[in-house]
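Protein chains in written order, with the working numbering: chain V, 254 to 598; chain W, 254 to 598; chain D, 254 to 598; chain A, 254 to 598.
Hints are computed from structural coordinates only; laboratory data are not their basis.
Hints should not be assumed to be uniformly reliable.
Because identical chains share one entry, a pair is satisfied inside a single copy or across any pair of copies.
Claimed, not checked - Straight-line C-alpha distance at most 25 Å; calculated PhoX-like pairs for lysine-lysine:
no.	residue 1	residue 2
1	314	259
2	371	591
3	468	483
4	368	401
5	591	259
6	577	591
7	259	328
8	404	452
Here the structure is a predicted model, which is why all the values come from computation and not from measurement.
Number of protein chains: 4
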Amino acid sequence: MIIVMKNSVTTEQIDEVVKHVISWGAQAHVDRGDVQTVIGIIGDKAEILRKPWGSFAGVEKVLEVSDPFKMASRKFHPTDTIIDVEGVKLGGGHTCVIAGPCSVDTEEYVLAIAKAVKAAGATMLRGGAFKPRTSPYTFQGSGEDGLKILKTAKQETGLPIVTEVMSIDQIDLVYRYADVIQIGARNTQNFNLLKALGKMGKPVILKNGIATTAKEHLMSAEYVMSEGLKEVILCLRGTRTYETAMRNCLDVALIPYLQELSHLPVIVDSSHSTGIRPFVMPVAYAGMAAGADGLILEVHPNPCEALSDGEQALLPNDFEYLMKRLEGLKAWNQRDWKTQAKSTK
Amino acid sequence: MIIVMKNSVTTEQIDEVVKHVISWGAQAHVDRGDVQTVIGIIGDKAEILRKPWGSFAGVEKVLEVSDPFKMASRKFHPTDTIIDVEGVKLGGGHTCVIAGPCSVDTEEYVLAIAKAVKAAGATMLRGGAFKPRTSPYTFQGSGEDGLKILKTAKQETGLPIVTEVMSIDQIDLVYRYADVIQIGARNTQNFNLLKALGKMGKPVILKNGIATTAKEHLMSAEYVMSEGLKEVILCLRGTRTYETAMRNCLDVALIPYLQELSHLPVIVDSSHSTGIRPFVMPVAYAGMAAGADGLILEVHPNPCEALSDGEQALLPNDFEYLMKRLEGLKAWNQRDWKTQAKSTK
Amino acid sequence: MIIVMKNSVTTEQIDEVVKHVISWGAQAHVDRGDVQTVIGIIGDKAEILRKPWGSFAGVEKVLEVSDPFKMASRKFHPTDTIIDVEGVKLGGGHTCVIAGPCSVDTEEYVLAIAKAVKAAGATMLRGGAFKPRTSPYTFQGSGEDGLKILKTAKQETGLPIVTEVMSIDQIDLVYRYADVIQIGARNTQNFNLLKALGKMGKPVILKNGIATTAKEHLMSAEYVMSEGLKEVILCLRGTRTYETAMRNCLDVALIPYLQELSHLPVIVDSSHSTGIRPFVMPVAYAGMAAGADGLILEVHPNPCEALSDGEQALLPNDFEYLMKRLEGLKAWNQRDWKTQAKSTK
Amino acid sequence: MIIVMKNSVTTEQIDEVVKHVISWGAQAHVDRGDVQTVIGIIGDKAEILRKPWGSFAGVEKVLEVSDPFKMASRKFHPTDTIIDVEGVKLGGGHTCVIAGPCSVDTEEYVLAIAKAVKAAGATMLRGGAFKPRTSPYTFQGSGEDGLKILKTAKQETGLPIVTEVMSIDQIDLVYRYADVIQIGARNTQNFNLLKALGKMGKPVILKNGIATTAKEHLMSAEYVMSEGLKEVILCLRGTRTYETAMRNCLDVALIPYLQELSHLPVIVDSSHSTGIRPFVMPVAYAGMAAGADGLILEVHPNPCEALSDGEQALLPNDFEYLMKRLEGLKAWNQRDWKTQAKSTK
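Just chain V, with the same shape it has in the complex:
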């Protein structure tokens, strides 16, 4: 961390900062420039970095040098994490397509969807039994009935189940049915929930928040991992901007960026990022082209009857077409580029 002092800083103010740095167990290197004095702080302890340096007299601003995440960082875990869900692998070159209805509605629909997405090549089944809705007056999810339907679908297709947990009191129930736990955008920074999941034993798909940065996304993964769980999947579902054409804005550059910063798998949810059926597919395709480790998509045979988010559901035919197109796609791979482009230099 680097503390930039004001032009008008006094020797006493510099000494005061240095005194505190030392009292908190770190070292301070003072660099008195012609224009500006800068104090470098050495000592990578999170608590020290978080002290309110900005409130010391004479401080102009504070510049952070290191990233605050550790267990999620590739610096501390250089090889890709590979997650294994009942034989379905994700990360480190293994890609995975998770598909299913937004909300679990009828057993008939869910079974039909599960069979269709399995036939088309999906490797896991998604479906929400608890739904975070903006309005308290809309459908809030089918609860345990929905979870039972998902279990039936798993028995018939063999597809592992991905489903959402919205609060700590749902954990016991959901963990009886789910294989992978999903955390939605509104809970990305629900730190108590993250810590609770970190003590459990099932992989977690962690979506970015509506306006979290990529590094905050990693800090939320760090919350889960700091409690012991190693299997976290980062999911990009877009963030909010002033643009209203799409439901959200998903920057595919964050796929290789997160993969460079972290060893965790990165998947793309283009159903929520676009929110509009015809645009779900090209974004899913582009996301895989950019090197994503997988997709999570909503599929429904009759979107007009879906209990939530029907506008963004792919028809089974759409999904089948997308899966066929993905077969012929050779994804971008930063490691190949580093090896091949540079070797010719």
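Given the structure of chain V, go ahead and fit chains W, D and A onto it with the hints provided.
For chains W, D and A alone, kept in the frame of chain V given last:
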């Protein structure tokens, strides 16, 4: 709600939409224009409005006419809600200043702060015992020990206590000590928590989310109110933008805007919106000038030692100066304007 | 256009709106609902749509039905525009890669870059002689000297020249050298410049603004086209958000979205959207995967010596590797999807 | 400036950076920490700071220490700039209210408005003769006819004229009529226009861009000032966010923030920031409460007939009411706070 059909729409597609509208218990008025066909839907039932109209063939877009909040809306409750916390009133012309440390640290500090802010004119005491922090490695709050310190401070000063609840499992504990419950920006759309609080009997200060709209803020209030609780205080703490000068961006226009849409009191948290001590005061002052019903501010006698957010804490002298300045401020009042400016027309 | 009236609207207020609608030459359909009265306005004249309806008494809000662009709209020109620049085609299935230095520096560098990108498969050469820089104290471009260097490079490689115009007084000079004119993000809404270019005879690459919407981007194209020029190329270079990982945020969903709304070609500038060399390539690749009509990229053999934007310049080896990878990429095509996915239904 | 090197940095890579720093005439201080190596660069020359450090091998990131603006900075000009327009002073404690129609329409309206705002206390008259409009099909301004009307209004009221210039070729004409030149949000980074105005002799009101930061706003002022003109007025008109309640979002914290960074006057345009008549006044009032040096507001007696932006125009009665309310307002003043709050410590 209005459904705009594509230029290329067929009679069958129009009929299909109309059939569904009627089957869901509403009425459809079809207006076949020269350029575009538009279907108006009459029937203000939330479930109908939320159907996936966009997934019907031939639909170009859907325009919402009504706002989705009801109990929080001034249309359904025309007079200002006045909240009474042990004799301290808020709303309907009663303003209120809530002040205290960000985190509860030592009893000595908290008592000193409580006495100082009381002397300067604060009417409630704030202090966090449970803290939502971006990093799992930083101070997470003092828990029940902190709540006990707040209680002592209340006994000595008479100031009611405002403190944060982060998850459902903290409710029992916190309600034993708190007079007003605070919901932070990361929990604004933690719908399970909102519903749980709505069943309890104490007023809730609901901050806007990091990237919620004013109307979503009201929808979150609606979640609380739909469970029975009527006493919700809307708190503006800024939202995230590309600008990095301040911690967040608080638009004072939202104060009169929320007061026009809703009967609930609106207070301003300029400690979190600016994040920088010298700017907390002018924004607090401007917020009250714009007609806010109150303030919630962080005060600490020694910000360099504060356990969190020291950069934004006012010194007791700052707070005292601000309170003196606020005495001489005559707030803007939209009702006065409507009466006086128009009467001269 | 639809005008939604307030709950409290009076018959006089409705009549006042209707009277004005008729006086301005359009028709008004009043729909008095139980909850809300809505006035539909028929008559697609831009001036009428732009009247200040919101300032009429009793009006709650105004909902637009039609898009305001016409010549840029696919509704008015259903087939893809194909632009031909000295035999290089762009749009309607023809893709194009434009590459070169950010700024024109030395003849030696520019010639080397032009030959390298030509050998790797680029079809046009880019290079800035006039540079919009945030600081007046940094390099502002090499002016006519730079344009002459570009001309030499064209003579040696045959690559048509793409270069930027920043103001009307540069038009005469630049048009003597350029084959395609580029308008940068800070001039996207410089309407006088757009109109001036619309009267000239060379194709224009129009970048989106730092915070323009996709529809505003099209409205800026409309400004050019309303003066007569038909050959406008839309270029996505990302927009500004709160995320600081990349220089800007480019949503690939806007590629098929713009192609649906408009017949104009859409190209991707991932040099400016990411601003960081290793991320330029995966985003370029993903953009082409999503169906973009082309790329515009910065290449420099010695980025450490580049006069501007060295951080984002690809090395010639990078560019060659990217071009080889693009050969094997089969782009997404919305028309194929519509034909094939639905035919199996 | 500080260059943070990657964990994996080699001695050769460090030496390469240092070699370039020295070759560009600055000094490099290398600090090899246990975790990370950091290179501090001393030498405050803009060109050096702008070199593409990020493209050197082994560089992780670059942290800027100094702000890039100089003539606009309070560090280089500690006392407030006071601008005098025919006796009307602005800045350094002198406040100013500029009012008038958005567009100049008829002489009758403009004269009526000018007299009304003069009577209510306005000190300058605004009115647009050239209008930047999103659509080429809407009213583009009345040109010289409008300027003549403004001149008549000045002759009748004595109010100096504020009007917009959109491009370099309008300068000659507009300078014959205007006393103060206004630069709108779409031209904030039209650097050629800024430089041209900097060579002229009349004060410039420079609005922030639709998505510029406060520091970029100052850099645009620096563009004007670097050509010689000292009289620049910073105008806050809000920026674009995801919130759609208001037309834009104006953070009043930027008023004292800009005043701390710069000696230039800061005024508020709440007509454009809110875009909705009832919210123009409380934001204007709050802006003055926060210490703004002035206001610029749109007033029209018949907004339903206004040629542009009628929704946001104040009625003359509104304006008169606002001016009366402003008389009783004691603005926040950071200097008073620093003197008084600290003196009691």
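How the hints compare with the structure:
Taking the closest pair of Cα atoms, residue 314 and residue 259 come within 25 Å of each other both inside a single copy (8 Å) and across two copies (23 Å). Taking the shortest Cα distances, residue 371 and residue 591 sit within 25 Å of each other only across copies (22 Å), while inside one copy they are farther apart (35 Å). When the C-alpha separation of residue 468 and residue 483 is checked against a cutoff of 25 Å, the pair qualifies only within one copy, where the shortest distance is 18 Å, while the shortest distance between copies is 38 Å. Proximity of residue 368 and residue 401 under a CA criterion of 25 Å is satisfied intra-copy only: 16 Å inside one chain copy versus 57 Å between copies.
Taking identical chains as interchangeable, the C-alpha atoms of residue 591 and residue 259 lie at most 25 Å apart only when they sit on different chains, with a minimum of 17 Å there against 42 Å within one chain. For the homomeric pair residue 577 and residue 591, the shortest alpha-carbon distance between copies (14 Å) is at most 25 Å, but the shortest distance inside one copy (29 Å) is not. In the homo-oligomer, the alpha carbons of residue 259 and residue 328 lie at most 25 Å apart only across protomers (10 Å), although the nearest pairing inside one protomer, at 33 Å, exceeds that limit. Taking the shortest Cα distances, residue 404 and residue 452 sit within 25 Å of each other inside one copy (24 Å), while across copies they are farther apart (33 Å).
The structure meets every hint from the earlier list without exception.
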